[in-house]
Every structure is written in structure tokens, then in C-alpha cells.
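**Q** One line per chain: the protein sequences are A and B, in this order. Once you know that position 203 of the first sequence is 203 in the working numbering, the rest is easy, because the numbers rise by one and skip nothing. Once you know that position 242 of the second sequence is 242 in the working numbering, the rest is easy, because the numbers rise by one and skip nothing.
Treat each hint with caution, since some may be false.
Cross-link-like lysine-lysine pairs, in silico, BS3-like; alpha carbons within 27 Å at most [claimed, not checked]:
#1 293/B x 115/A
#2 240/B x 240/A
#3 29/B x 125/A
#4 187/B x 240/A
#5 396/B x 127/A
#6 39/A x 203/B
#7 38/A x 122/B
#8 240/A x 203/B
#9 39/A x 49/B
#10 127/A x 432/B
#11 49/B x 240/A
#12 293/B x 125/A
#13 365/B x 396/B
#14 29/B x 127/A
#15 428/B x 125/A
#16 187/B x 203/B
#17 122/B x 125/A
Chain A side only, calculated, beta carbon under 10 Å to chain B, not exhaustive [claimed, not checked]:
#18 54
#19 90
#20 93
#21 95
#22 97
#23 127
#24 187
Computed spacing ranges between beta-carbons, pair by pair [to be verified]:
#25 185/B x 227/A: 16 to 24 Å
#26 101/A x 24/B: 52 to 60 Å
#27 207/A x 413/B: 54 to 62 Å
#28 203/B x 204/A: 42 to 50 Å
#29 322/B x 207/A: 55 to 63 Å
#30 141/B x 37/A: 47 to 55 Å
#31 300/A x 370/B: 29 to 37 Å
#32 127/A x 261/B: 37 to 45 Å
#33 240/A x 22/B: 56 to 64 Å
#34 255/B x 143/A: 24 to 32 Å
Since the hints were made in silico from the structure, they are not lab data. Note that beta-carbon positions come from the ideal geometry of N, C-alpha and C, so glycine has one too.
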Amino acid sequence: MRQEQYISLCNNWSRSPENFLSEELLPVIEQYRLETGKKLPVIWIETNDSGDNNISFLNTSSPYVGRVFQEMIDLLYSNTFMGAQGPDALRLLEYAAQQYRGQFTLVVEGAIPVKDNGIYNIIIKTKEDNLTALKAVRWLGSLAQYIVALGTCASFGGPSSARPNITGSKGVRDILDREIINVSGCPVNPDWFVGTLAHLLMYGKPKLDDLGRPTLFYGFTVHRHCQRRSYFDRQVFAEKLGDIECMFSQGCVGPRTGSDCPYRQWVQGANWPVRANTPCIGCTNKDFPDGSTPFFTPLPEKSSGNDQNPPSPRREVSP
Amino acid sequence: MTERVVFSPITRLSGLLSAEVTVENGVIKEANTSSTMFRGYEWIMRDRKVSDAVYLTQRVCGICSLAHGAVASYLLDQVFDDDLTDNAQYLRNIMFAADFVQNHIRHFYLFSLPDFVVMPNKPPFLNQNLQDARLSAQDNQRLVNHYFEAIKAAQKSHEILVLFGGKAPHQHSFVHGGVAVAPSADKINRALALLSDITEFVKYCMIPDTELISRVYRDYYMLGITPGRLLSFGLFRFGKKNEQVLWGSGVINGNELSSLDLSLIHEEITHSWYEVRPDNDTPQPCLEPSPFKPGAYSWIKSVKYADRFFEVGPLSRMIINGFYRGGTSAMDRIYARTIETSLIVQLMKGWLEQLVPGPPPIEQKTEIVRERVIAITDAMRGALLHSATLENEQIKEYNIITPTVWNFSPKDYYGNRGPVESALEGTKIPSKEMIFTILGRIIRSFDPCLACATHVLDADQKKSVIF
Numbered sequence: 001m002r003q004e005q006y007i008s009l010c011n012n013w014s015r016s017p018e019n020f021l022s023e024e025l026l027p028v029i030e031q032y033r034l035e036t037g038k039k040l041p042v043i044w045i046e047t048n049d050s051g052d053n054n055i056s057f058l059n060t061s062s063p064y065v066g067r068v069f070q071e072m073i074d075l076l077y078s079n080t081f082m083g084a085q086g087p088d089a090l091r092l093l094e095y096a097a098q099q100y101r102g103q104f105t106l107v108v109e110g111a112i113p114v115k116d117n118g119i120y121n122i123i124i125k126t127k128e129d130n131l132t133a134l135k136a137v138r139w140l141g142s143l144a145q146y147i148v149a150l151g152t153c154a155s156f157g158g159p160s161s162a163r164p165n166i167t168g169s170k171g172v173r174d175i176l177d178r179e180i181i182n183v184s185g186c187p188v189n190p191d192w193f194v195g196t197l198a199h200l201l202m203y204g205k206p207k208l209d210d211l212g213r214p215t216l217f218y219g220f221t222v223h224r225h226c227q228r229r230s231y232f233d234r235q236v237f238a239e240k241l242g243d244i245e246c247m248f249s250q251g252c253v254g255p256r257t258g259s260d261c262p263y264r265q266w267v268q269g270a271n272w273p274v275r276a277n278t279p280c281i282g283c284t285n286k287d288f289p290d291g292s293t294p295f296f297t298p299l300p301e302k303s304s305g306n307d308q309n310p311p312s313p314r315r316e317v318s319p
Numbered sequence: 001m002t003e004r005v006v007f008s009p010i011t012r013l014s015g016l017l018s019a020e021v022t023v024e025n026g027v028i029k030e031a032n033t034s035s036t037m038f039r040g041y042e043w044i045m046r047d048r049k050v051s052d053a054v055y056l057t058q059r060v061c062g063i064c065s066l067a068h069g070a071v072a073s074y075l076l077d078q079v080f081d082d083d084l085t086d087n088a089q090y091l092r093n094i095m096f097a098a099d100f101v102q103n104h105i106r107h108f109y110l111f112s113l114p115d116f117v118v119m120p121n122k123p124p125f126l127n128q129n130l131q132d133a134r135l136s137a138q139d140n141q142r143l144v145n146h147y148f149e150a151i152k153a154a155q156k157s158h159e160i161l162v163l164f165g166g167k168a169p170h171q172h173s174f175v176h177g178g179v180a181v182a183p184s185a186d187k188i189n190r191a192l193a194l195l196s197d198i199t200e201f202v203k204y205c206m207i208p209d210t211e212l213i214s215r216v217y218r219d220y221y222m223l224g225i226t227p228g229r230l231l232s233f234g235l236f237r238f239g240k241k242n243e244q245v246l247w248g249s250g251v252i253n254g255n256e257l258s259s260l261d262l263s264l265i266h267e268e269i270t271h272s273w274y275e276v277r278p279d280n281d282t283p284q285p286c287l288e289p290s291p292f293k294p295g296a297y298s299w300i301k302s303v304k305y306a307d308r309f310f311e312v313g314p315l316s317r318m319i320i321n322g323f324y325r326g327g328t329s330a331m332d333r334i335y336a337r338t339i340e341t342s343l344i345v346q347l348m349k350g351w352l353e354q355l356v357p358g359p360p361p362i363e364q365k366t367e368i369v370r371e372r373v374i375a376i377t378d379a380m381r382g383a384l385l386h387s388a389t390l391e392n393e394q395i396k397e398y399n400i401i402t403p404t405v406w407n408f409s410p411k412d413y414y415g416n417r418g419p420v421e422s423a424l425e426g427t428k429i430p431s432k433e434m435i436f437t438i439l440g441r442i443i444r445s446f447d448p449c450l451a452c453a454t455h456v457l458d459a460d461q462k463k464s465v466i467f
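Chain B extracted, bound-state conformation (with noise of 0.2 Å):
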């Protein structure tokens, strides 16, 4: 018996996502993930001034702005050959930490817990409808009340970012040739006492409260498991041209790491609301919207890397580093951005405590001297890429690739299926009823952000996006 069923809205995630999935004999056959927005950001970006990228690529997701700040200021940095000081390197990465922490800590209990600890039955979590509940009542009730402490634990790290950054989200400090803010006493004793309250959280609860739901429903190892290839941009740059990365890039096929080739990314628009239209004003064809386009089912493009779709997020960066060694299943990516947040924390106390007081880091060049310019960082949610063609200063090509594009890749031409919809099929689904709580829980293991994975488009998607 084949059945057809449409998952919509997905709730707790930044931005709008639907799935339509087919089920025969209770197991998942099909699915298709669909972002349903689409704002054009790309095409915003065009004919201003690139000084303006950081401010405003930040404007492309609020739950992850900094990231966009970031890997924009690296960009913009190229384009002037900016030299970056010790404490502009330190304060960039423990602003850039801050915001991890954030995200990490909001994404587990604000939008995955609910997944699986059964919620209040009051506004806004009436219809919970969890099926599968398995936590003791004392257990629920201790991880209800996380669920709240959470909400201060991640304000405080946006305290840290605002300290230093002058507003949350979308700070202001953080832009190229460093930032803008000096790293005074005051300020670095205030955010380690920030960090110290952060640091007692994810020690006393995010850690044992992932490793509870880890035990309780361990089943979920063996589901959503995605084909073992993932891919990380690398994260947390230092030295004075951003030459150096803590964490580092690389590519997993299998049993087989090896490095990161920028040249063997792809993306195409088979089945995304996208064509490519003849344009009378320059030689390359133009991409543009086409929302009615049949067969396509997704604002968002697919994002290949040597023609394959790949993995990214906390779980391929902690398994590249060799910080976690497991599957790629769902519980294991919780797992991993748990023990991701925890390796953070400690690295920010470290950070902060190699600060030198002094004057704001910050020197700001004005010639520039590239104009064909590609900027990466990982994000919270994975590998996030900026390019940038210019000319006198005014940008002519903006393209961004987010790591939700890489995760929540529609079809190829060939049907090869992304990281997602490849978790999904196969799935089991013992009863009707189980249904969308077995599909959330494994979609919301990816941390989808559809806000950050809908607004862009490239031109001559024939090529590929690096010069």
C-alpha cells in the first residue's frame, strides 16, 4: 500500500520548510524536502558598494548572522589585503564562538527538544502530539525546566557578541581589517563571567541532558543515516591574513579523508524553481526564478562537491577533526553538536584570556587590489561560501552557498538523492501515527535554516561557482 504525505509546516526551525514523502508497506520510499521562500539575495546584492557585504549579507539569517559577517569580512579583507593584529584574531573568533554557542544551545532545546521530552500542554506547545515519549516523568520534567534555563544560557552568549559586536543579531564590529571595539578590561572580565555561567550549563545540562536522550532513545543511531560523505570548509581562522585555520577543512568518501578541492564544487537546478534564461546584456546566460517550472520542488539548488552530495555541519567538522568517531545518523549529529558546543566554550575562555587590553584592532585599508574574490567559513550548520566579482569598487556578482543548500539538496539529474532526503528513505514507520514524529526528529537532527538557503541564485550554473 502506497500512501502520500505531506509534512507542512516543519516547525522549530529558522524559515519555511514542507516535505512530501511516500510511504509503502510502512517504510519511507521517496521524499522530497522543499524551502518554500525565496527573497533573491543575490540579486540585492548587486551594484553596491562591497563595503557593504558584511552588514548586509548578515541581513540573509538571523540565527546565524555573524557567520555571514564573518566569512564577508574574509572576503572583504582580500579585497583590500588587510593585516590582521593578535587581538583583532582573538576577538573575531571569540565573537564568532559566541554566536555558535548560541545557535547550538537554542537549536537543542528550543526546537529539538520538543522532539522528544514531552512539553506543557499550554501555549505554545499545545498539539504537541509527541508519540514515542520515553523519558520518566522526573526525567521529562528536569528537561522542561532546561528548557527554560536554556533561554537565559543562550542570551548570555549573545551578551558576550553584543559586548563586543555593539548589537545581536547582525553586530556591527566585526568587519574587515578587524574590529572596531577595543578589548578592555572591563569588557573581558564581564564576558568571562558570562562564559563562566554559559560554561556551568553546558557542563551541567546540555552534556548530561544529550547524553540522556542519546541513551533513552538510541534507536536513532540506526536512523537517518546519510551515505557516510561529509565536507567541512574549515572553522576558526587566525594569522594576519586569515591564512590559518583551527579546525580543519577537508572531505570524507567513505573510509577516506582527504583535502579540500574549492574547484570540484557544483551546483545545478534540475529540480529547483530556477531556469536559465538567455540575457541580451552580457555573453552568459542569466539564472532567474521560475516558480512554476514542472518537476522542480525547492528554492533551494543542489550543491555537489566531485558530483556527489555531501554531508556538513558540527557532525562532519567533529568527525574530520577526529573530535567524535561514530555513524552519520541522526542521534549522532545531535551528539556531535553537543560535544561541538562544549569544545567552544572552553576554546572562548582561552581566547579571551590571550586578549591584550588596548585600542580597537581594527585598520582598515582603502585600495583594492583584487576584484574576483571567494571567501569560506564553516557556519553553524556547515560549510558557507562567499564570491565576489567586483568592478570599481561595486559589486557585479554576489554568490552565497549555505551549508542548509548542501543538507536540503533537491534531486540531481541523475536522482541522486541529497543528504536529507537520503537520511529519510528507508525509513521504517511502525504506525500512522508515528509519522511526523519520526520525520521531525531526523530532519530537525540537520539544524535546517531555510531563511539562509533561499535567496540565492548564480549565474551560467554550468560552470562552476569558483573562479
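This is chain A alone, in the form it adopts within the complex (with noise of 0.2 Å):
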């Protein structure tokens, strides 16, 4: 299958209710796989994070997580999944890095203190020295062939860096001076996460919004493919959570919001935040949470944030 055909599908699938793309996937890169015999080797850390984006990746369905390992990735490092520990790991690391140097795919899970020389996270200790983010990330970014951000923290700081920000919390793009894609989301969709990976493995590199993320998955808003658009069109807005017309008025931020959620949905496509009649809050967004909070209240009258930029719900409204 070539690059256009896939996008195509992702493009195509993605719009189709009734489907999902990850089951189109599977057979296209089993396909891969016999023919190429090909993996992508990852070295996936782990920073200031909630964890939330490694069990939303647990929640990938075709292909399983046991499949992804099996034929799509070698997932040499991982704090979560990873059968060593202690200094096994620690030298499986540097194993890899070295191994894989210019080859491995680095995924960043967490947004990076910097402040007081990154002392707020330590990824590893040793007798000697303590390996903070900060250090991993520039070590390792520098031998990665593609940098992947997985989550809203590590492609922009997302919650953990939210005011006041005391460990001084950034995305890995103002860390590192390299193309970074980013997989946002609070948590990410694993098909986004899975999706990617899938592309690289087959394609490298896919088309990245002015953001620097995939195109295929955040090409559109919220607001555009929005099952309940129709009521805000015709300006029939919920009086509250509950209610089964337009969520704009309970705080929606689905109209400044990149993301496929109406269609692909969350978990076998079971529901999705405003199907639930509840708002979007925008968690694939650069400036989440701050922007975006208080949650419930209309998106033009939302005041947290940077007060420079102020969110307006015409801007960024797309047609």
C-alpha cells in the first residue's frame, strides 16, 4: 500500500461512523510485516505525567496491545511495561540507544521540569548521579531518529505544567531544537498513538499540522464533525450536563479543538465526552487545561489561561 492510499483510508475511515479505522489497519500492516519482516525499535520514558497515556495505549483494540508488541514495535524501554528493572534496565538503555542510534523511535510520556536543572523528575538513580528528564531527553533526542510526544504534557506541557507551574514544566518542543510529533490528548486516543506509529514503521514521518501533529488525526475540529453541530446552527443550546442539544453553552471547546473524537470515538467507538452529554474540554490543545478551564463555563467567557491570547470561539472556528 502506498503512503497516499494509507492516508486515504485513515482520512476516509475516520469519517465513516459506522467503522474504525484500527480494524482497517491490522491487515495492512500484517501485510507489512511478512513482506518487510520490518519493526519499529522504541525507547518510550516515562516524566510528569499521570500515567494516563500508557493505559490508554492498554486500551488500543485491532491491534491489541500484545499485538503491537509482537509486529509492530520493539519496545526495548519502558517503565510501565518492560520486563527488567533496576540496573538490568538502566543498562538495556543504554543498550538500545546505542544499538538503535538513529534508528529508535523516542517516545516522550510527560512534560519536563526544568527548573533547579530538571531535579523534579528523576527517570533513573545511581550511586553516583541522578538521570533527571531533563538529561534523558537530551541525550536521547539527540540519538532518535523521530522524537514522538505522547500526550498533551509532552507535546505541550498540558497539566502538569498549568499555572503556576512551580517545576517550570515544558512540552519536549522547547526542549529540544528538532522536529517533534507531537500525539496530544488527555489522555491520547491509542488508534492516534498506534495510528502514528504505524505510519512511521511503514511511511516515516506523516504530515504535521502547524502544531506538529498528524495531520490525519487532528485535521479537523471537534465542532466540524460534531454529531450535534446541527443545534448549533440552528443555535438550540443545553440548559445542562444531561441534556441532549449543542454543549457549547455548558463549556464546549470543540470549536478551537483538533481532534477526530465524533467519529473514532473512545474504546470499540463505545461513546465519546459529548455524546455523554457532557462539553469537549479541548485536552488535545496547546494551551490545555489553562485555556480551557473553568470547564463548564462558555467558551468566550472563559477567563484562565493566557490572558494575552484569550480563546474566541470565531478564530479558530473552522467552516
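Assembly of the complex is requested from the two constituent chains, each provided in isolation within its own frame, with the hints serving as guidance.
**A** Here it is as C-alpha cells:
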């Protein structure tokens, strides 16, 4: 399958509510693996985060995580999943970084505290030294072929850098002077992450938007594809949580949030926040959470976040 | 002969954890467990609208997010004096239970199992270096297969949560005043079908696998023992005002079970990377992070009840509520977690059958009636407390004490050890190669979650956290 076909597959399936992209991806990946026998070497480090992205990753369905491990990626280091522990894990990290130098994909899950030289997040301690998240990202970031910032904390700072940000936490793109593939979300939808890994494995770097996110998942706003768009267009708004009308009145940030949640939905397409009669809180955004709070206050009246650049409903509303 | 050993990173858990132990003639003489990440979440909560607490505090933890959403909802229920319908109560507990089952299956199979089972020597299991592997080749292979089956069973549990909650982790519908999603026949039916698969997995895999491991590694009933002080805040709240709790709270000290008195909870920072500094703006002193503080070794504060350390978690809940009789060892903790899982899947079925199809069971009041509130529940790993002080709907102070803070407390002023450190102290290490295998088994039996434990500060640590 050529790259154009793959992108068209992703785009088309994400627009069809009857189907799930991952079910379509599986046979493609399987065929690719049989043809090439190639897997993506991955080093995954956890920094200042809640661990929600690794849990969300476990909710991928076609392929399940077991098949991702067996057929798509060689997960060489991961604080969450690896069999090794203690010094064995550290040795494996050092070995993998050298052995797969220039070939591995670095996945960073979490923001990077920079205050006090990064002391607020230590990934590994030895008798002699502390490997801080800051040091690890600089070291591994200089050796990786691709860098994937997993989740909104790693992409843009996210909740870990929410005001007053006393640890000086930042997204990976503010630490390293090189291209970062941002797969944002709080948490990430597993399809966005596994789909990005699949793209890297089969076709290399995906097309990115101006925030460094794969356009095939973040290219359209939630608002554009929302099932409740007709209510918005007719100015029929929910009076409270639990109502079936447009959630703009309840604080919905869908008009300025790039994501395919309305079609893709979460965990076997079971549901998504607006369908659950609550607002989208814009968790894929650069200014999440501060730009989305107060969560239940309508978009034009939201006060927090970067006051010099208040969110406006018009500016980023796509057609 | 004395040797200092650094165990870092302690993998297969949520967040970042290290331990430093001193081994003297093959026995652990001292252990310091160290949480090495700090986010300052309590600072993040300040000066925000109180209704943000449910969604924002869920971001404290990815593996137990709904526990934070639940306790923040209980807190807001008090702030607004909401009334909960029967359907709201059942739905909330179904969702909470689904997140419990997800957590317990993932902990047992993905995190704990590789402490006892030889995994295939390929990524992500390279360098597993499991010493003291005792299962027959046949049993070992069966449990490896169940590792991959567990991924599906846990995912189905999150599918139930998403059906009613919109998203997982970090659900949307369980908020103050009830649940925003309608319990409709199709959703109830889909949840029952998923639950039936999960129940089969628990019955035919998780229970026999736990029994097998507890039989083959029965010496772990004598290892990782805590001093028999157990505490629970109770689990599964019911009633119009959350006033009833299905599994009761309680405190066990030795053989004595007493009722919980929240005013006996205190926190201290002797060995934590914090210090108290005077604050010009308020009469109270202000607690601040202090990463270079001499003698400190963790971002976790020490939390005590009646001036003693207490273990929290499934084992505490099961013993306090009479579902388990046994000790307080590493294997008791693993066993109790599985017992709890099997009890919860049965409860979920009953609750799903109690739901009456109808509109979303939610009614949110808008007038604030309380400005100093505290809410408690047990979470997956044990006792969880949120407390808040408000001013005109804005949060002035928000304090969170998570289960991992109880279990992984660093030493207090007098040098007394918290539950995990006391479980490690005195452990025999038969050979040098065994040390990380043994430490890993004991530490993971507590199901540590450091993401949860490490962003909380409260001012004026000399006072009780309770109003």
C-alpha cells in the first residue's frame, strides 16, 4: 500500500461512523510485516505525567497491545511494561540507545521540568548520579530517528505545566531544537498513537499540522464533525449537563479543538464526551488545561489561561 | 559486611520510584523508598472554579483516574448539597467498579506477574533476569498466555466505563449531582455482555493463577510483612447524600478494629523534599518544595493516623470487612486484590440489573452551601482524601492524600518506618543475584502509583488536615 492510499484510508475511515480505523489498519500492518519483517525500535520514557497515556495505549483494540508488541514495535525500554528492573533496565536503556542509534523512535510521555536543572523528575538513580527527565530527553533526543511526544503534557506541557507551574514543566518541543511529532490528548486516543507508530514504521514521518501533530488525526475540529453541529447551527443549546442539545453553552471547546473524537470515539467506539452529554474540554490543545478552564463556562467567557491571548469562539472555528 | 544497593528504576508501576537499601550479612537493615517526581498539583488546583475539580484532579492519576473524579464529585455534592437518585448511585458505583477491575487485572498481570513468571525473551521483556523462577514450563506458558488475555479483559472493563462515562481514562459524566448519561437498555445490555466476559476471565484465569502463584511461592506469606496496622475509608457510597458505604471504613491496630476518626490524620515532612517558609500574604506558614533539603529522600510526605503509620489497599479493605483472614505479607496483598476483583464483578452485575432505564440521572444545584469540605473514599490502592477551602466558588486550598502516600511514607521525625519500608526491613537476601527479584516482588505487592503520590502539598503541616 502506498502512502497516499494509507492516508486516504485513515481519512476516509475516520469520517465513517460505522467503522473503526484500527480494524482496517491491522491487515495492512500484518501484510507489511510479512513482506519486510521490519519492526519499529522504540524507547519510551515516562516523565512528569499521570500515566494516563500508557493506560490509554492498553485500550487499543485492533491491534491489541499484545500484537503491537509482537508485530509492530520492539519496545526496548518502557518504565511501565518492560520485564527488566533496576540496573538491568538501565543497562538495557544504554545498550538500546547505542545499538539503535539513529534508528529508534523516542516516545516521551510527560512534561519535562526544567527548574533547578530538572531535579523535579528523576527517571533513574544510581549511586553516583541522577538521570533527570531533562538530561534523558537531551541525551536520547540527540540519538533518536523520530521523537514522538505522547499526550498533551509531552506535547505542550499540559496539566503538568498548568499555572502556576512551580516546576517549570515544558513540552518536549521547548527542550529540543528538532522536529517533534506531537500526539496530544489527555489522554491520547490509542488509535492516534498506534496509527502514528504505524505510519512511522511503514511510510516514515506523517504529514504534520502547525503544532506538529499528524493531520490525519488532528486535521479537523471536533466542532466540524460533531453529531450535535445541527443544534449549534440552529442556536439550540443545552441548558444543563445531561441534555441532548449543543454543549457550547456548557463550556464546550470543540470549536477550537483539533481531533476526530466525534467519529473515532473511545474504546471500541463506545462513546465520547459530547455524546455523554458533557462538553469537550479541548484536551488536545496547546493551552490545555488553562485555556479550557473553567470547564463549564462558555468559551467566550473562559477567563484563565494565557490572558494575552484569550480564546475566541470565532477565530478558530472551522467552516 | 554492609552493602548499599540502589534499586532504580523500579519498573512496571505507574510513575517513577527508586529504593535504596542497606544489606548487612544477607539481611536488609534499612530501606528508603523514594518517589522521584513532583508536579505540585495542589498548587495547580488553587484559584480555579471548584466545579473544575472533577476533571482536573482526574489528571493526577492515569490508572485510577475515576477514584479522583469520584471523591471530587462527593466533595462537590456537599458543596452544592445535591441529591442523588437511585439510578445515579448505581451508575456511579458501576463506573467506579469498572475502573477498579481494570486496575486490578492490569496490576496483577502486567506489573506483578513478571515477578513470578518467565516472560518470552524479546521486547518488552528483554533482560527480565528473573531469579528463583519456580513454575513448570507448562504452567509458565499458560500464565504468559493469560498476560495477553488480561489485556483484553481489562480493556473490556474500560469499555464499560466509557459506555457510561464518555472516555477513559478521565471520564466525563460522573460529576456532582449524579451522572450525565442515560442508563438505556442497549447500554445496560452491552455492559452486561462485557461483564460476563470479564467475569469468566476472573473466574477461569485470575483466581486460579493467583492460587497457583500463592501455592508455588508460598514463602512470600512470610515476606514483606507490615506491622498489622490497617486502615480503610470505605468503598462504594450509596444514599441520597452519599451517606452510606457498602464496604465499611475502619482502623485495625493489632487485633483491635475501631471506627475511623478523620481528625487523627496528620502529615509531616521530616524526610520529604519540602520546607515551611513564612508567607507574607497569609498568617499561616507556607509549605514549599525544597529539592535539595538535607536528609530528605522522597517527594512523598509522611502521613500518619493517631501518630502511627498504617497500611492501606485491598488487603486492608478485605480484612476490615471480614472477606479475608490472613496476615499482612506480600502474598496476602496479592491474594486479597484478586479476591476483591471477584467480589466486585459480582456486585457490578447486581447493580447493572438494578438500573431502571430512564433519563440521565443528574440534577446539579448551583448555590454553594459549604465552603470547607472534605470527602473520602477508598481508591484502588487504598484510602483517598480530598479536602477544599473555597471562597466565592474559587478554590483557595485543595489537599489530596493518596493511598500511595500512606503506603510509601518516608520515615517520620522519630525514625519510624512507613508500611513499605517496614515490609522491606529484615528481609533475608539469600544471594546477591536475588536482591532485585525479592525487592520487586515485595514492593509491587503494594501496587505503587507514584504519579498519584507526588504532587500534593498542604500548608501548615503541624495542624491536622481535617477542618
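**Q** Each hint needs a verdict: does it hold in this structure or not?
**A** Here is what the structure says about each hint:
1. A distance of roughly 16 Å separates the Cα atoms of residue 293/B and residue 115/A; the hinted pair therefore holds under the 27 Å criterion.
2. Using a Cα cut-off of 27 Å, the hinted pair residue 240/B and residue 240/A holds, with the two alpha carbons roughly 20 Å apart.
3. Taking the CA atoms of residue 29/B and residue 125/A, the gap is about 20 Å. The hint holds against a cut of 27 Å.
4. Among the hinted pairs, residue 187/B with residue 240/A is consistent with the structure: their alpha-carbon atoms are about 22 Å apart, no more than 27 Å.
5. A C-alpha spacing of about 41 Å is found between residue 396/B and residue 127/A, which places the hinted pair above 27 Å, so the restraint is violated.
6. For a cut-off of 27 Å, the pair hint linking residue 39/A to residue 203/B is broken: about 36 Å separates their Cα positions.
7. Between the alpha carbons of residue 38/A and residue 122/B the distance comes to roughly 15 Å, so the proposed pair stays at or under 27 Å and holds.
8. Our distance criterion of 27 Å between C-alpha atoms is broken by residue 240/A and residue 203/B, whose separation comes to about 42 Å.
9. For the given pair, residue 39/A sits about 47 Å from residue 49/B by alpha-carbon distance, which is inconsistent with the 27 Å threshold.
10. For a cut-off of 27 Å, the pair hint linking residue 127/A to residue 432/B stands: about 17 Å separates their Cα positions.
11. Only pairs whose Cα atoms come within 27 Å are accepted, and residue 49/B paired with residue 240/A is accepted, the gap being roughly 17 Å.
12. Our distance criterion of 27 Å between C-alpha atoms is met by residue 293/B and residue 125/A, whose separation comes to about 17 Å.
13. For the given pair, residue 365/B sits about 21 Å from residue 396/B by alpha-carbon distance, which is consistent with the 27 Å threshold.
14. At most 27 Å may separate the alpha-carbon atoms for a hinted pair to count; residue 29/B and residue 127/A meet this at roughly 18 Å.
15. Between residue 428/B and residue 125/A the CA atoms are separated by roughly 24 Å; this keeps the pair inside 27 Å, and the hint holds.
16. Annotation: proposed proximity of residue 187/B to residue 203/B holds, straight-line Cα distance about 24 Å (limit 27 Å).
17. About 25 Å separates the Cα atoms of residue 122/B and residue 125/A, which keeps this hinted pair within 27 Å; it holds.
18. With 10 Å as the threshold, the beta carbon of residue 54/A comes within range of chain B, its nearest partner Cβ sitting at about 7 Å, so the hint holds.
19. For residue 90/A, the interface hint holds, since its Cβ comes within 10 Å of a Cβ in chain B; the closest pair sits about 7 Å apart.
20. Of the supplied interface hints, the one on residue 93/A holds, with its beta-carbon coming within about 9 Å of a beta-carbon of chain B, less than 10 Å.
21. With a least beta-carbon distance of about 9 Å to chain B, the hint placing residue 95/A at the interface is held under the 10 Å criterion.
22. Taking 10 Å as the C-beta cut-off, the interface hint given for residue 97/A is violated, the closest approach to chain B being about 14 Å.
23. Satisfaction of the interface hint for residue 127/A is found here, the shortest Cβ-Cβ separation to chain B being roughly 5 Å, below the 10 Å cut-off.
24. Of the supplied interface hints, the one on residue 187/A holds, with its beta-carbon coming within about 5 Å of a beta-carbon of chain B, less than 10 Å.
25. A hinted range of 16 to 24 Å holds for the C-beta pair residue 185/B and residue 227/A, which are about 20 Å apart.
26. Judged by the Cβ atoms, the range 52 to 60 Å given for residue 101/A and residue 24/B is violated: they are separated by roughly 41 Å.
27. Residue 207/A and residue 413/B have their C-beta atoms about 58 Å apart, which keeps the hinted 54 to 62 Å range intact.
28. Range check, residue 203/B to residue 204/A: about 46 Å between beta-carbon atoms, so the 42 to 50 Å window is met.
29. Under the hint 55 to 63 Å, the C-beta atoms of residue 322/B and residue 207/A, about 60 Å apart, fit the expected range.
30. For the hinted restraint 47 to 55 Å between residue 141/B and residue 37/A, the CB-CB distance of approximately 25 Å leaves it violated.
31. Between residue 300/A and residue 370/B, the C-beta spacing of about 30 Å keeps the proposed range 29 to 37 Å intact.
32. For residue 127/A and residue 261/B, the Cβ-Cβ distance of about 43 Å falls inside the hinted range of 37 to 45 Å, so the restraint holds.
33. Take residue 240/A and residue 22/B: their Cβ atoms lie about 59 Å apart, and the range 56 to 64 Å holds.
34. Taking 24 to 32 Å as the suggested C-beta distance range, the pair residue 255/B and residue 143/A does not conform, at roughly 58 Å.
Hints 5, 6, 8, 9, 22, 26, 30, 34 from the earlier list are contradicted by this structure; the remaining hints agree with it.
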